[in-house]
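A.B. asks: Using the hints provided, position chain G relative to the given structure of chain A.
There are 2 protein chains.
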Amino acid sequence: MQDPDQRQEFTQPQHAAQAAPAAPAVRTAVIGGGVIGISWTALFLAHGHRVTVSDPRPGIDREVHEGLLRIAPAMAALGRPLEAYEHRLTFEPDVARAVTGADAVQENGPERLDLKRQLWATIEAHAPAHALFATSTSGIPATDIAGALEQPERLVVGHPFNPPHLVPLVEVVPGARTSPETVERAVAFYRSLGKQPQVLRKEVPGFVANRLQSALFQECVALVADGVVTAAELDAIVTSSIGLRWAVAGPFRTFHLGGGPGGLPHFLDHFGAGLEKRWDQLGRPRLDEQTVALLSEQAERDFGARPVAALEDERDAAQIRLMHTLRPAPPTPSA
Amino acid sequence: MQDPDQRQEFTQPQHAAQAAPAAPAVRTAVIGGGVIGISWTALFLAHGHRVTVSDPRPGIDREVHEGLLRIAPAMAALGRPLEAYEHRLTFEPDVARAVTGADAVQENGPERLDLKRQLWATIEAHAPAHALFATSTSGIPATDIAGALEQPERLVVGHPFNPPHLVPLVEVVPGARTSPETVERAVAFYRSLGKQPQVLRKEVPGFVANRLQSALFQECVALVADGVVTAAELDAIVTSSIGLRWAVAGPFRTFHLGGGPGGLPHFLDHFGAGLEKRWDQLGRPRLDEQTVALLSEQAERDFGARPVAALEDERDAAQIRLMHTLRPAPPTPSA
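Taken in order, these protein sequences are the chains called A and G. Going by the UniProt record's numbering, the first sequence opens with residue 1, and the numbers climb by one from there. Going by the UniProt record's numbering, the second sequence opens with residue 1, and the numbers climb by one from there.
Hints may contain errors.
As the list makes no split between identical chains, a pair holds if one copy fits it or if it spans any two.
As the list claims (entries may be wrong) - Derived SDA-like pairs: lysine to any residue, alpha-carbon spacing no greater than 25 Å straight-line:
1. LYS202 / GLU289
2. LYS277 / ASP226
3. LYS202 / PRO285
4. LYS277 / ALA225
5. LYS202 / ARG57
6. LYS202 / GLY34
7. LYS277 / PRO110
8. LYS277 / GLY262
9. LYS202 / ALA293
10. LYS202 / THR325
11. LYS277 / ALA222
12. LYS277 / ALA76
13. LYS202 / GLU63
14. LYS202 / ASN162
15. LYS202 / ASP302
16. LYS202 / LEU311
17. LYS202 / ILE140
18. LYS202 / THR291
19. LYS202 / ALA222
20. LYS277 / GLN298
Derived by calculation from the structure, the hints in this document are not laboratory data.
Next comes chain A alone, as it looks inside the complex (with noise of 0.2 Å):
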């Protein structure tokens, strides 16, 4: 069944920077058809690959391919058309069947430790010995997955940035008994596919993106709340400011520079002081039914003229173009 060919396509990180067009199929398995398994499949199938969709919801079919087709534009605009898919693309409800003969397996199933475990007893007891387990989870830590599994060491977090097809970063999160193989292979597949796959060295809630967002929403909301400005207002003060700024250079590159020739270290120097002071005075809100109520109503005076759908195409529009202007030069083919 399997040709060993096929798999080294993702088993050699030093192949993942080729073009993809040359890359044999990989034959994935997306368990899960929900919003975060359609987008998987749309970027798998838009590099060739093969897709097993496996989710037990009736109409799952109906729904990938309408999601598939929501998809569509943005792939062309990202130089990787859905094209000529169809026959790549089957559903098989039940798991076991879903997964034999897959190199991949991409989870993307409710957020509950117990379904999770579940699907992988499953998974690993008919997956191929070769397959790569990724599971998209946000939240649930990989070791505690794995505790189902015989060997646990197959097992990785593979946690996109909502929508995958779309935002470059993927969190490869290793468990305490994740194999540094499985890790490598990981990054390499995650890399075939166009995706910036970062390994984190540590097992923390919420990961490192996650986090990071939510610890500046917490300042948004506290900022909201306090009558500083309004939900809009704050969107256009960071589009025009930090947003702008950490497409380009992330925070701790920010700081470097904006210390002068002494870099980061100057600037803690002499900025050190006044940041510990200001993260003393930031703000603590809850999400309680009055900031609730007050956020919603901005949200919806600010953004509910239009559907979500179409504030969605426009922002991704805006998003590939960005991509395409901050994505290096293609290297000089040599002769």
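C.D. replies: This is chain G only, laid out in the frame that chain A set:
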């Protein structure tokens, strides 16, 4: 001395969106010729305005000219080349004389209340009655500085996100007694320079952008100090996820879209409890000796191979490409 038409340029908000080449020259006084003062100077000159830099330090003229040379490529890339400005740039160490005949005063003195109060008392005593008064302070409320003025309604904070010649945001923060007219004129002036001014509804320490930046940075420090990721890895996570997002859509819009058709209300309803739980798990690091040593060591290792100035030029070039990408298409010229 004063041609009334000249001051209309920034007293009439409806003129702000016009292409600036048509706007008459404004006579600006830039008080304090440090990094921020030089950056404002470049921006004002690139828009055809006159600038008198007032700074008592010896050699300030050479310093400013050198600074302008460094900024020139960025202004050219922004489509606002710094050309033939020599006759529009003068130096006058005496503040009283520097503001005589100024239409707009942008003060960038040391961040000390006593010094700023002294400076502004002098400025008020010698500037024309129509002159716009703005301070670049990042932390001192206009209310406190304006206590030294006979007409406190004239002073407003115009806090740029560094550097002002490049980053669009200017936080316009009125003090308790700042007049609506002053706020309106400041907004129109900054808009005429291609900036994105945002008026705050309340004076809070650190204003908005720096508070948000410090909230995110606190969690950055926590995660690096905890060994979850290195500084450079954290930066890569930001630029490949939330940074990209926030360059095109702020945090509220992002979560509005994250709520699906139900928008932010649905998002808060479904994820609010999880967010609050996450807030309680955020790190509360201090910048103690050990943490500063760790961050400095990582910055040196990850960014130290190249001079800060080179990294800065590279970052700013990427920033400008991104701004061009995100800039809305110019309106079709009317016949």
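A.B. asks: Next, verify each hint and record whether it holds.
C.D. replies: Status of the hints after comparison with the structure:
For a Cα distance limit of 25 Å, the shortest separation of LYS202 from GLU289 across copies, 23 Å, qualifies, whereas the shortest one inside one copy, 35 Å, does not. Proximity of LYS277 and ASP226 under a CA criterion of 25 Å is satisfied in both settings, with 19 Å inside one chain copy and 21 Å between copies. Taking the closest pair of Cα atoms, LYS202 and PRO285 come within 25 Å of each other only across two copies (17 Å); inside a single copy the shortest separation is 28 Å, beyond that limit. In this homomeric assembly, LYS277 and ALA225 come within 25 Å of each other (Cα to Cα) both inside a single copy, at 21 Å, and across copies, at 19 Å.
Neither within a single protomer nor between protomers do LYS202 and ARG57 lie at most 25 Å apart by alpha-carbon distance, with minima of 35 Å and 51 Å respectively. For the identical chains of this complex, LYS202 and GLY34 are neighbours neither inside a copy (28 Å) nor across copies (43 Å), given an alpha-carbon limit of 25 Å. In this homomeric assembly, LYS277 and PRO110 come within 25 Å of each other (Cα to Cα) only across copies, at 19 Å, whereas the closest approach inside a single copy is 41 Å. Taking CA atoms no more than 25 Å apart as the test, LYS277 paired with GLY262 passes inside one copy only; the shortest distance there is 22 Å, against 38 Å between copies.
Within a single copy, LYS202 and ALA293 get their C-alpha atoms only as close as 37 Å, which misses the 25 Å cut-off; across copies the closest is 21 Å, which meets it. Neither within a single protomer nor between protomers do LYS202 and THR325 lie at most 25 Å apart by alpha-carbon distance, with minima of 33 Å and 37 Å respectively. In this assembly of identical chains, LYS277 and ALA222 lie within 25 Å of each other by CA distance both inside one copy and across copies; the values are 17 Å within and 16 Å between. For a Cα distance limit of 25 Å, the shortest separation of LYS277 from ALA76 qualifies neither inside one copy, at 48 Å, nor across copies, at 39 Å.
Taking the shortest alpha-carbon separations for LYS202 and GLU63, neither the intra-copy value of 36 Å nor the inter-copy value of 47 Å comes in at or below 25 Å. In this homomeric assembly, LYS202 and ASN162 come within 25 Å of each other (Cα to Cα) only inside a single copy, at 22 Å, whereas the closest approach across copies is 34 Å. Only between protomers do LYS202 and ASP302 lie at most 25 Å apart by alpha-carbon distance; the minimum there is 20 Å, versus 39 Å within a single protomer. In this assembly of identical chains, the alpha carbons of LYS202 and LEU311 never lie at most 25 Å apart, being 36 Å within a copy and 30 Å across copies at closest.
For a Cα distance limit of 25 Å, the shortest separation of LYS202 from ILE140 inside one copy, 13 Å, qualifies, whereas the shortest one across copies, 40 Å, does not. In this homomeric assembly, LYS202 and THR291 come within 25 Å of each other (Cα to Cα) only across copies, at 18 Å, whereas the closest approach inside a single copy is 34 Å. With identical chains, the CA atoms of LYS202 and ALA222 are at most 25 Å apart between copies only, with a shortest distance of 13 Å across copies and 30 Å within one. Taking CA atoms no more than 25 Å apart as the test, LYS277 paired with GLN298 passes between copies only; the shortest distance there is 24 Å, against 30 Å inside one copy.
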